[in-house]
Amino acid sequence: MTLPVAVSQIVNGIAFGMLLFLLASGLSLMFGLMGVINLAHGAYFMVGGYVGLTVLEATESFLLALAAGSLAGALLGFITERFLMRRLYGLRGHESILLTFALSLVLGDMSLFLWTGTPRWVQAPAFLQFSFSLLGNPYPAYRVAIIAIGISIFAGLYWFQERTLWGAMVRAGVDNKEMATGLGINVPLVFTMVFSFGAFLAGFGGFVGSPILGLHTGLGVEIIMLALAVVIVGGIGSLPGCLATCLLLGLSDTLGKVLWPSYASLTIYLVVVIVLLVKPSGLFTRGG
Amino acid sequence: MFVLLAWAACFFLVPALPEYAVTLATSILISSIYVSSANLLTGYAGLVSLGQAIFWGSAAYVVAILTTRGLVTNFYLVALISMVTVVFLSAFFGALALRVKHLYFMIVTFAFGHVVWCIAMYPMQQVTFGYDGIKDIARPFLGLSLSTVSPVSFFRLVLVITTLCFSFIYLVIGSPFGHAVVGIRDNEHRMTALGYNTFLYKYLCFILSAVIAGTGGLLFAYFNGYVNPSELHWIWSGDALMAMFIGGAGWFWGPLWGALAYVGLRYWISSYTMYWFGIEGMIFILVVLFFRGGIAGFVARLQKGRGAWKG
Amino acid sequence: MAGRSVWGLIVGGLCFVLVLMSSPGDLGAQAPRSPIRIGIDTEMTGVMSETSMNCKQGYDLYLQETGYRVAGRPIKLIEYDNKTDPKLSVEVAQKLVERDKVHILGFGTNSAGAIAVRGYVEKAKVPMVVVAMAGTERVTLPPSKYAFRMSYADGQMELPLGRYAYEKLGYRKMAVMAPDYAGGTGKVWAFHQGFEKAGGRVVQTVLWPLGEMDMAPYFARLNPEVEAIFPFIPGDISIDRFISQYFELGLDKKIKLCTHWTFTEDYFTLQTFKEKMVGIISGAFYCLDSATPENKRLTQAYYTKYGKKKLMNGDVATGYEAMKFICTALGAINGNIEDTEAFLKAMHAARIKGVMGGPVSIDENGNVVRDFLIRQVQKKDGVVKNVVLDVLPQMHQPPQGYTVMPHK
Chain C
0 MTLPVAVSQI
10 VNGIAFGMLL
20 FLLASGLSLM
30 FGLMGVINLA
40 HGAYFMVGGY
50 VGLTVLEATE
60 SFLLALAAGS
70 LAGALLGFIT
80 ERFLMRRLYG
90 LRGHESILLT
100 FALSLVLGDM
110 SLFLWTGTPR
120 WVQAPAFLQF
130 SFSLLGNPYP
140 AYRVAIIAIG
150 ISIFAGLYWF
160 QERTLWGAMV
170 RAGVDNKEMA
180 TGLGINVPLV
190 FTMVFSFGAF
200 LAGFGGFVGS
210 PILGLHTGLG
220 VEIIMLALAV
230 VIVGGIGSLP
240 GCLATCLLLG
250 LSDTLGKVLW
260 PSYASLTIYL
270 VVVIVLLVKP
280 SGLFTRGG
Chain X
0 MFVLLAWAAC
10 FFLVPALPEY
20 AVTLATSILI
30 SSIYVSSANL
40 LTGYAGLVSL
50 GQAIFWGSAA
60 YVVAILTTRG
70 LVTNFYLVAL
80 ISMVTVVFLS
90 AFFGALALRV
100 KHLYFMIVTF
110 AFGHVVWCIA
120 MYPMQQVTFG
130 YDGIKDIARP
140 FLGLSLSTVS
150 PVSFFRLVLV
160 ITTLCFSFIY
170 LVIGSPFGHA
180 VVGIRDNEHR
190 MTALGYNTFL
200 YKYLCFILSA
210 VIAGTGGLLF
220 AYFNGYVNPS
230 ELHWIWSGDA
240 LMAMFIGGAG
250 WFWGPLWGAL
260 AYVGLRYWIS
270 SYTMYWFGIE
280 GMIFILVVLF
290 FRGGIAGFVA
300 RLQKGRGAWK
310 G
Chain D
0 MAGRSVWGLI
10 VGGLCFVLVL
20 MSSPGDLGAQ
30 APRSPIRIGI
40 DTEMTGVMSE
50 TSMNCKQGYD
60 LYLQETGYRV
70 AGRPIKLIEY
80 DNKTDPKLSV
90 EVAQKLVERD
100 KVHILGFGTN
110 SAGAIAVRGY
120 VEKAKVPMVV
130 VAMAGTERVT
140 LPPSKYAFRM
150 SYADGQMELP
160 LGRYAYEKLG
170 YRKMAVMAPD
180 YAGGTGKVWA
190 FHQGFEKAGG
200 RVVQTVLWPL
210 GEMDMAPYFA
220 RLNPEVEAIF
230 PFIPGDISID
240 RFISQYFELG
250 LDKKIKLCTH
260 WTFTEDYFTL
270 QTFKEKMVGI
280 ISGAFYCLDS
290 ATPENKRLTQ
300 AYYTKYGKKK
310 LMNGDVATGY
320 EAMKFICTAL
330 GAINGNIEDT
340 EAFLKAMHAA
350 RIKGVMGGPV
360 SIDENGNVVR
370 DFLIRQVQKK
380 DGVVKNVVLD
390 VLPQMHQPPQ
400 GYTVMPHK
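Top to bottom, those sequences are chains C, X and D.
For the first sequence, numbering that gives the first Met the number 0 begins at 0 and goes up steadily by one.
For the second sequence, numbering that gives the first Met the number 0 begins at 0 and goes up steadily by one.
For the third sequence, numbering that gives the first Met the number 0 begins at 0 and goes up steadily by one.
Among the clues, some could well be false.
[Claimed, not checked] The calculated label-pair distances, taken between Cβ atoms and stated as ranges, are:
| id | chain 1 | residue 1 | chain 2 | residue 2 | range |
| --- | --- | --- | --- | --- | --- |
| 1 | D | 277 | C | 115 | 46 to 56 Å |
| 2 | D | 172 | C | 130 | 22 to 32 Å |
| 3 | D | 400 | C | 62 | 53 to 63 Å |
| 4 | D | 302 | C | 2 | 32 to 42 Å |
| 5 | C | 131 | D | 302 | 40 to 50 Å |
| 6 | D | 64 | C | 147 | 52 to 62 Å |
| 7 | X | 142 | D | 172 | 57 to 67 Å |
| 8 | D | 305 | X | 118 | 37 to 47 Å |
| 9 | X | 142 | D | 362 | 33 to 43 Å |
| 10 | X | 186 | C | 177 | 18 to 28 Å |
| 11 | C | 53 | D | 302 | 46 to 56 Å |
| 12 | C | 81 | D | 288 | 52 to 62 Å |
| 13 | X | 281 | C | 159 | 27 to 37 Å |
| 14 | D | 222 | X | 281 | 26 to 36 Å |
Calculated directly from the structure, the hints in this document are not laboratory data.
Beta carbons are placed, not taken as given, at the ideal position from N, Cα and C, and that holds for glycine.
The shape of chain C in the complex, shown without the other chains (with noise of 0.2 Å):
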């Protein structure tokens, strides 16, 4: 593998990352809030890539594809969190789990119904088709597009926690929910504003991811896994954590497939368990 090509991958894998950090804190939110994990949060990206290519196909507008996308997530994270997760908070995990694995199927099974088994795939926008030379070799411009972007809503979200009032709010209430409760922040309130925003990024991730990672039923499954293998490496409560075992596994994603097409996702899973019982509570976990 020369240079330039090493470089490419190495430029692939941190878009993927940023595409993963997108579904992933979202779901590493939820987790430290409220000790969810809401297996349903991939669908919640597939369904918000395909609203968005609906939108896409009837308006041709690729921003206002992005926005529908978005809001479809939010809207799906909004209605699972009033009405299923609430009535099991304070029962045992795993049965949340199961639920959303449960709805996650549901999910899967309706977007088969509404936009057929056939995988699709969006188009990046006009004014960003084209490619640029990376030491030599073409690349596209989309991919560098997304790192941007993902680069952005970061730096936005971590503005948002340590700086905003609200963004206090939710820390404290990662950190102890009884105390936040008790110094009259609302919590309910403030759970379901997480999950659906935390749906709305995964969304939004789903339709500006598509034109790299297509559009197919499986999606959904598919990704959360990963997700999961961020949060469970990365640990919960630190947003740069988040992000940085993102590219982390992005990359080793990418150039996995480069280097070893058979085995990539072999040594992802393998990671995790490494990291799972060596330090279970997360590479990157803050407080105790």
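Since the structure of chain C is provided, determine the placement of chains X and D on it from the hints.
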């Protein structure tokens, strides 16, 4: 006494049904073994594992590889090798996985399952034929001129083995070991304080449940005549858990109900629509939200006072 | 033991029996002119669904032409979705044979499913005919009395195409690319052998896990000395990705493509990529441009029934020919499908004229014998389309083993 009558009815009357019904019944029984293994580990011991497919699938592959390549043809020997394989695998994975708890345990078992699936799909392709799978697995010959080629004879074999599995689980649950395991599920700290080596109990339970899952996988390989990596996939592990919950986690007859619902409903629904994954998911959601205790729990509530037995 | 949901067990038993009884109705003894039931176990959803559904359009078209009758008996088609899943393919086959009691089992595209179902039909003693594209050699080799395939076998086109790439296209060093499963590796391995036996060298074999959408890492592995690639990918969307990234990464300036027909279909990639595709060679057994009277007639019939949303394509022709062949065999035995032996013999003896004009028949293993074509994408009459360069007449399935790639 009644159970004995029901069993006799199955043994003698089911074969009178049309052939596809016998086949379906066999499928339900084999699945119930699988679900009961999940029930033992998750329902009774409280360990939520997404790795049951590892043992079901490995046992199935051992059968497939040994019989289709003519390496071992004696049914009892194949079964023995298959079970030994499962014991080794579960001893290995269990020792690692049980170092973490709850959610992390579930994710470790999921990761193990995925790794095993990957191995069967790609690096071991020469042996397992990867995605294509292994076909032409012949029915076992039981000796004493008892062949199991016909659906009816195989059904009877499966019925006998299912009965043995369920009886075994019954004995385990009723024993001091079983009570300890349930105690660990309900409050591990207290059990440790009482001096129990909780790790050992959980470990043994893990291995036992794996062996039962393996028994199901073994029968499945013979039943289906075809094995492919989806038998090792984590989604199949997830199916075991869903079927278990629908049937009633921690209830003795739960797995039978669960298998009935899962296999039977799927067979029936898929004739009318291809969206049964989603329907299955919806049923599961309804059960978790409104029918805690699954079908077995529901039935027990209907016969309040008769003393239905839950672990 | 008493008192443990015994009552529950009774209810359970009743439900049990109810489920078992939910058959579509007791079929009883067959009246002589009752319908011939043809079951179709095919991919209506999943990665290979597009191909299978195209083929379906073909066989539906044929059945419609004949009024769903042959030799005076009506034909009943019963179709279920196997979701491109080999395990489900077996379940579907079981349901079709045991519950719906089909006389003939048609199968779709997924090779892994075809293998599994073949194992089943041999036990069930029901003839199985691949009516779509399941190409793996293991469907008909080693030969089975009950398995037939009307489309093509892996290697049947690839082996001569490899030779053609060396002799006529002048390539000396090539790479092959495919997902790492028997359906993919089998095809590229056959090409590999054809190419090397003629004198060329396959310097690289790039494989990846089945289902991968992003081809960039795999293109990244290609050596600079590679002149051309022979790729294979199941599923139109993945092919779209492959070609799209091929152009996106500027590879069209450095490496040529010599492909399987699925990469250059008129209705698909030629519509998306248009002029960029000019010059690409593909091996096929159908060409839309071909002016045979049968092709013109069928194309017209296709547009009449299905509209012009999608151009006529080889899958449709395959499905059409498959059903026509089955019905020809049925006609030869006067519709008496209950005599399975006679039907099997009739399948081996039948011969029809294919859509491309050449004869279509069955070899001793149950696989089709037909003409193959070398096509090239050209701009003709202002339209970018495939044009026939050469005909490879009456190709047979390669002998056993030609599509089994030795693994590291």
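Hints, one by one, checked against the model:
no. : hint                      : verdict
1   : D:277 x C:115: 46 to 56 Å : violated (31 Å)
2   : D:172 x C:130: 22 to 32 Å : holds (26 Å)
3   : D:400 x C:62: 53 to 63 Å  : holds (55 Å)
4   : D:302 x C:2: 32 to 42 Å   : violated (52 Å)
5   : C:131 x D:302: 40 to 50 Å : holds (43 Å)
6   : D:64 x C:147: 52 to 62 Å  : holds (57 Å)
7   : X:142 x D:172: 57 to 67 Å : holds (59 Å)
8   : D:305 x X:118: 37 to 47 Å : holds (45 Å)
9   : X:142 x D:362: 33 to 43 Å : holds (42 Å)
10  : X:186 x C:177: 18 to 28 Å : holds (22 Å)
11  : C:53 x D:302: 46 to 56 Å  : violated (27 Å)
12  : C:81 x D:288: 52 to 62 Å  : holds (58 Å)
13  : X:281 x C:159: 27 to 37 Å : holds (36 Å)
14  : D:222 x X:281: 26 to 36 Å : violated (52 Å)
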